[in-house]
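Residue numbers (my numbering), protein chains in the order written: chain A, 1 to 483; chain B, 1 to 412.
Quick caveat, the hints were computed from the structure, so don't treat them as lab data.
A quick note: this is a predicted structure, and the numbers were derived from the prediction, not measured.
It is possible that some hints are incorrect.
What the hints assert, rightly or not - Label-pair ranges, simulated between beta-carbon atoms:
1. 429(A) / 293(B): 38 to 48 Å
2. 21(B) / 12(A): 23 to 33 Å
3. 155(B) / 122(A): 24 to 34 Å
4. 16(B) / 189(A): 29 to 39 Å
5. 100(A) / 34(B): 24 to 34 Å
6. 189(A) / 52(B): 14 to 24 Å
7. 236(B) / 27(A): 37 to 47 Å
8. 419(A) / 201(B): 54 to 64 Å
9. 178(B) / 327(A): 48 to 58 Å
10. 297(A) / 21(B): 38 to 48 Å
11. 16(A) / 150(B): 33 to 43 Å
12. 282(A) / 34(B): 40 to 50 Å
13. 405(B) / 325(A): 52 to 62 Å
C-beta atoms are modelled at their ideal positions from N, C-alpha and C, and glycine is treated no differently.
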Amino acid sequence: MARSDGPAPQPVVDGALVQAHALAAFAALLVSAVLGLVAAEQLVHPDVGAGVAWLGWGRLRYGHTQGIMLGWLGNAFFAFLYHGVPLLTGRRVTSARLGWWLFAVWNLAGLLPGWALVLAGISQPLEWAEFPLVIDVFLVAGLLLAAVQFLPPFFRRGLEHLYVSSWYVIGGLVFTLLAYPMGNVVPEFVPGAQGAAFSGLWIHDAVGLFVTPLALAIIYFVIPAASGRPVFSHFLSMLGFWLLFFLYPLNGTHHYVYSAIPMAAQLGAIAASTLLGVDVILVVTNLLLSLRGSGWLPRDVGLRFVATSTVFYLIVSLQGATQAQMAVNQAVHFSDWVIGHSHLAMLGFATFAAIGGLVHAWQRMPGARYNARALEWGYWLLVLGVVLMVADLTAAGLVEARAWLSGAPWMESVRAARPYWIVRTISALPIVGGLVALLVGLTTGPRGGGLHAIGAGRDLAPGSGIAPVIASATAREAAEAVS
Amino acid sequence: MTDRSGRALRMAYLVASVAGVVFFALSVLLLGVWPARVLEEQGRAMAPEHMLQLTASEQRGRAIYGREGCAYCHTQQVRYLHADMVRFGAPTLAWETRFDFPHLWGTRRIGPDLSRQGGVHPEDWHFAHLFAPRAIVPGSVMPSYRTLFDGSPDRPTQDARDLVAYLDSLGRARAIAGPEAETRARDACDCPGDEMAAMAFSMPVDASPARPRRRGGAPEVPAASDAARGRTLFAASCAGCHGDQGAGDGPGAATLRPRPANLAQHTYTRARVVDALWNGVPGTSMQAWRDHGPDDLAALAGAVAALEARLAEPAPTPDLLALGERVFTAHCVQCHGTTGDGRGAAAPELRIAPADFRSQRPSLALAVSAITNGVEGTQMAPWTGRLTGEERLAAAHYVRSLFGGTVPGGPR
Chain A
1 MARSDGPAPQ PVVDGALVQA HALAAFAALL VSAVLGLVAA EQLVHPDVGA
51 GVAWLGWGRL RYGHTQGIML GWLGNAFFAF LYHGVPLLTG RRVTSARLGW
101 WLFAVWNLAG LLPGWALVLA GISQPLEWAE FPLVIDVFLV AGLLLAAVQF
151 LPPFFRRGLE HLYVSSWYVI GGLVFTLLAY PMGNVVPEFV PGAQGAAFSG
201 LWIHDAVGLF VTPLALAIIY FVIPAASGRP VFSHFLSMLG FWLLFFLYPL
251 NGTHHYVYSA IPMAAQLGAI AASTLLGVDV ILVVTNLLLS LRGSGWLPRD
301 VGLRFVATST VFYLIVSLQG ATQAQMAVNQ AVHFSDWVIG HSHLAMLGFA
351 TFAAIGGLVH AWQRMPGARY NARALEWGYW LLVLGVVLMV ADLTAAGLVE
401 ARAWLSGAPW MESVRAARPY WIVRTISALP IVGGLVALLV GLTTGPRGGG
451 LHAIGAGRDL APGSGIAPVI ASATAREAAE AVS
Chain B
1 MTDRSGRALR MAYLVASVAG VVFFALSVLL LGVWPARVLE EQGRAMAPEH
51 MLQLTASEQR GRAIYGREGC AYCHTQQVRY LHADMVRFGA PTLAWETRFD
101 FPHLWGTRRI GPDLSRQGGV HPEDWHFAHL FAPRAIVPGS VMPSYRTLFD
151 GSPDRPTQDA RDLVAYLDSL GRARAIAGPE AETRARDACD CPGDEMAAMA
201 FSMPVDASPA RPRRRGGAPE VPAASDAARG RTLFAASCAG CHGDQGAGDG
251 PGAATLRPRP ANLAQHTYTR ARVVDALWNG VPGTSMQAWR DHGPDDLAAL
301 AGAVAALEAR LAEPAPTPDL LALGERVFTA HCVQCHGTTG DGRGAAAPEL
351 RIAPADFRSQ RPSLALAVSA ITNGVEGTQM APWTGRLTGE ERLAAAHYVR
401 SLFGGTVPGG PR
């Protein structure tokens, strides 16, 4: 944990690894979105793909969610960490060679065979853990490699006055490493209701300990780095961090309210969910106050994605705290309301944050192509798609809940949902279109166009935006250096 | 930075890091390990002494259920909620899931909960439904699992048989545990002090509105019915098997044994139709429709009556009718009963109840065909070897004469 005594070496962002993970991320995002689109279409025209085993709805859904969480967000987070960690720590990541191993293990030994296996019918029917156990071996190895790759720079730098993004990165990587095996392996060996208790934990840990911390790390990084203004309050950001890591893991059982799991555990999880809503208000207030001066729709696309993500984060968290309440839960649980909620979380909050982080990193790579027009299109198409999909699924959930409570024959709820499923499928089109536009935005246009877009010259130091923030977080350290 | 403040800070971070790990451990302990222990103890105390494991075939079926993502549309968990209990029955107890590796509780219900699916539908229904869901349930969004078949619903692969075996096992443990096991479980759970746990025993174990029951108990339905509503409901729930015109030739009918009733070629008493809707026909693919209210049952009964073809049938001569009575008395009463009400001495032994001619009158052609060819899938055998053509015709006339209801537009 000791700080190195010499002057911090110049931080070096490994652009090749950023680009490799970013492109893998977008490719995985497109594939996962198409899997989701086909699955959505099958709810409208159920005979699409009938007779082709690997196009079965269940298998597509397995590929869709695992692809989003591991293929898209996993790669996007790694890409961002190659940009962010050196700037946060002033140190290189552990090793570029290790980086390519991580890339290969995660994508070639984890994601691709995982997809192939679930489509071939080798999987486990556990939510957010559908890749079979053999794949988990490689993914846990990948998480280990990621910890070795990204954590030492923080410890070499010393942990004094860590900026909040650093905390989220450390927390996210460490706790995912702990939670992943629990959620993926334990229910295979602990039966029924007991196993479900662990599944519930993991369903929430996947979002709370992997997706949310790393997405927040990006948001906390990009807002000051892109706007040039420090975050509103370091104290609030740290308070939010600790409350989040205390409360998130305690939410799990709210996925099984009114189940056989002991009521005390259910009530505890519901209380934690409520408090989590309060915590998120705190975090988002801090973030929105940090965005003062950038406006609701910042000109910088990267910052705009992040700002929009922040708003989605508030909505999805308040929605989550609401639907955990027993009175609400008994009606909307099992319905499309929850599917809308998870899309708002993964596609609204996390995906927007990840895209914001990638665009932000991309803008600062002189060799990277950048097509501002395409990125504008990507932003608006995605906003349109997400808002339409979430609103539509939320309404569908209410319609289904009403049909169920009315005691009407089951099929009435299915028939009543059909128009909403049609709209949901339609809403996937702007989303896929937006993703294509983003991919175009990052692979066409002039090299170094990103620097031009943010009004900087080619000689912009990569850390020039975030440096003042780190400095203000480490004011004492800076003062010492001067003296 | 001074050494002292540096050390203090490092201490603080050490404490913080430990605290972080403790938070995680706490969550696993509080929401994972502790509930699992409670549930395990509960399961031990409440489970029947000899709980059946799944057979090898059912185990394989379970793996197919998992692999195809069935649990992502069908839950296997009845919640402690009135709305769940009236639809699916008693809430799921932990012991019912003690052989489920991994659990298949699910968090989304596009289709109905399947915790107590066993015995609701016969195998031929499942095969037809898995092969072409919308042929049986119009408007269903279930994927077709025709890859589990060799081209047709009556040619299931081993996978399809295993899957159906598994579906038929769902809910079996609690269903066969019997009242003594329910008592044992209730005693073990100390319910008087636990309002929620008591709910687990406050309802019949199975409440599926589709599960066929023996006749009787149907509610009073209004005499008048809404014809348009009846046609809509018939198209939504019945046409898949019985066909648009009720001829028993719907898209799902081909492989069902026995074949769906030909509603056009039968005259039914209204009470008979309401009873069949309310109770289904045990042993056949005719499920019950108890999730329909009295108005809708009346509307459906009206729709069924409207399908009747009203054929101009020849009247039998008194001699022919007397011959028919002799044939019936000699050969048919064992199952169909002396009055033709389907309650012969052998009837309780039969998987499918014999036809009740007091409440249903087949067309002459249909009656002759049934006596001549038997009814596939039931114990009604062909009588060509034992009865002459005239005797079969006479018996057909005779069973038609037993009808106790009114025949619209025709002689009794």
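For each hint, the structure was consulted:
1. Taken as a hint, the range 38 to 48 Å holds for the pair residue 429(A) and residue 293(B), whose Cβ atoms sit roughly 40 Å apart.
2. The beta-carbon spacing between residue 21(B) and residue 12(A), approximately 31 Å, falls within the hinted interval of 23 to 33 Å.
3. Look at residue 155(B) against residue 122(A): about 26 Å separates their beta carbons, and that is inside 24 to 34 Å.
4. For residue 16(B) and residue 189(A), the Cβ-Cβ distance of about 33 Å falls inside the hinted range of 29 to 39 Å, so the restraint holds.
5. Our hint of 24 to 34 Å for residue 100(A) and residue 34(B) is violated, since their Cβ atoms are close to 43 Å apart.
6. Under the hint 14 to 24 Å, the C-beta atoms of residue 189(A) and residue 52(B), about 21 Å apart, fit the expected range.
7. Checked against the hint of 37 to 47 Å, the pair residue 236(B) and residue 27(A) passes, with Cβ atoms roughly 44 Å apart.
8. Between residue 419(A) and residue 201(B) the CB atoms are about 41 Å apart, so this pair departs from the stated range of 54 to 64 Å.
9. The hinted window of 48 to 58 Å between residue 178(B) and residue 327(A) is violated, with their beta carbons roughly 36 Å apart.
10. Range check, residue 297(A) to residue 21(B): about 40 Å between beta-carbon atoms, so the 38 to 48 Å window is met.
11. Residue 16(A) and residue 150(B) have their C-beta atoms about 52 Å apart, which leaves the hinted 33 to 43 Å range violated.
12. The hinted window of 40 to 50 Å between residue 282(A) and residue 34(B) is violated, with their beta carbons roughly 29 Å apart.
13. Separated by about 54 Å at the C-beta atoms, residue 405(B) and residue 325(A) satisfy the suggested range of 52 to 62 Å.
In summary, the structure is inconsistent with hints 5, 8, 9, 11 and 12 from the numbered list given earlier, while agreeing with the others.
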